[in-house]
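If you read the protein sequences in the order shown, they are chains A and B.
Numbering follows the numbering used here, with no gaps: position 11 of the first sequence is 11.
Numbering follows the numbering used here, with no gaps: position 46 of the second sequence is 46.
Because the hints were derived from the structure by calculation, they are not lab data.
Take these hints with a grain of salt, some might be off.
The list cannot tell twin chains apart, which means a pair is met if one copy fits it or any two copies do.
[Said to hold, decoys possible] In silico EDC-like links for lysine to aspartate or glutamate, alpha-carbon gap of 16 Å or less: (1) LYS118 / ASP128; (2) LYS36 / ASP106; (3) LYS118 / ASP106; (4) LYS14 / GLU66; (5) LYS137 / ASP98; (6) LYS14 / GLU44; (7) LYS50 / GLU131; (8) LYS118 / GLU131; (9) LYS36 / GLU66; (10) LYS14 / ASP72; (11) LYS137 / ASP106.
There are 2 protein chains.
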Amino acid sequence: MSTHAIHSDALAQKLADSGLRNTPQREFVYDALLTKRDHPTADEVYARVKTQLPGISLATVYNCLETLVQCDLVRAVNFERAPTRYCPNLHPHAHFHDETTGATHDIELPASLLAEIKAVLPPGYNADVIELTFRGKLPATR
Amino acid sequence: MSTHAIHSDALAQKLADSGLRNTPQREFVYDALLTKRDHPTADEVYARVKTQLPGISLATVYNCLETLVQCDLVRAVNFERAPTRYCPNLHPHAHFHDETTGATHDIELPASLLAEIKAVLPPGYNADVIELTFRGKLPATR
DNA sequence: ATCCTTCTTTAGAATTATTCCAATTTCAAC
DNA sequence: GTTGAAATTGGAATAATTCTAAAGAAGGAT
């Protein structure tokens, strides 16, 4: 079994569900996200995948990331207008953006809080997506 | 009193507090945001202000908006990687982004909910900014 | 096995929101 | 009035992303 195939079961499944093909590029891109879950940008994913698939192009990385987002395997995360970051955590979660290091931390969200958040919406407002982002400074010692 | 000066009291105050000058460009840009609170982009603000201040440049609109954000008179609002939008609502509020019309609606946030949201953060995580965004479709009939 | 069609990848050009820059202009203080 | 800092301006530069057209793979029908 090839290294990058370790995580590809869900990928193969979801791609098949969507009538899409399972390509090496898609597997390596997805694997890069799963292997180092530090919310990399497309450029960072590109750099990581290139070590294993030297011929891959940046456009393909963008294509693959978009495909993974469409398949609901990955979330695209945006802070202000910084480059989009990608996150394979499928649980409902918020993001804490540490202004000191630039790192992004996932904050799991209890269903109860999600329900309370939805409850602030007026009647008729139905949210498909809820995004919750914190920004702040973490104590240096961690 | 000139039209655009109607709303400029808070502006003059905040600018003075920050040691900045009160210019016609800043007044018109701020007034444009207050007059039509539809979360315009910089380009849209530019178009609106130009009708009253034909010589203003887009760079200046960007500068003024940035200044207003620095002065805490205006919030910059981002959805995905769409152009930044600007919002003069200073109350704690979330944004509902209507995918049908593209319109953005403010959702006021009770202090109690804000407190509960902050409570999901692990110890040591202190958030300076909390951003909550909903995306969904509103019933067409409104 | 081969053809055919469709999907995917690729390299590079194009797009576009925003920022940067250098040169004027404004304005408050002296 | 002069001076100096702050602000504005137009245009060039930047950078993330998307687009485009061409080449490459891959599955299904014959």
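Going through the hints against the structure:
Within a single copy, LYS118 and ASP128 get their C-alpha atoms as close as 10 Å, which meets the 16 Å cut-off; across copies the closest is 22 Å, which misses it. In this assembly of identical chains, the alpha carbons of LYS36 and ASP106 lie at most 16 Å apart only when taken from the same copy (14 Å versus 36 Å across copies). In this homomeric assembly, LYS118 and ASP106 come within 16 Å of each other (Cα to Cα) only across copies, at 14 Å, whereas the closest approach inside a single copy is 20 Å. In this homomeric assembly, LYS14 and GLU66 come within 16 Å of each other (Cα to Cα) only inside a single copy, at 14 Å, whereas the closest approach across copies is 43 Å.
Taking the shortest Cα distances, LYS137 and ASP98 sit within 16 Å of each other inside one copy (5 Å), while across copies they are farther apart (32 Å). Neither within a single protomer nor between protomers do LYS14 and GLU44 lie at most 16 Å apart by alpha-carbon distance, with minima of 24 Å and 41 Å respectively. When the C-alpha separation of LYS50 and GLU131 is checked against a cutoff of 16 Å, the pair qualifies neither within a copy, at 31 Å, nor between copies, at 35 Å. Both within a single protomer and between protomers do LYS118 and GLU131 lie at most 16 Å apart by alpha-carbon distance, with minima of 11 Å and 14 Å respectively.
Proximity of LYS36 and GLU66 under a CA criterion of 16 Å is satisfied in neither setting, with 18 Å inside one chain copy and 35 Å between copies. With identical chains, the CA atoms of LYS14 and ASP72 are at most 16 Å apart within one copy only, with a shortest distance of 8 Å there and 45 Å across copies. For the identical chains of this complex, LYS137 and ASP106 are intra-copy neighbours only, at 15 Å inside a copy versus 27 Å across copies, given an alpha-carbon limit of 16 Å.
In this structure, the earlier hints numbered 6, 7 and 9 are contradicted, and the remaining ones agree with it.
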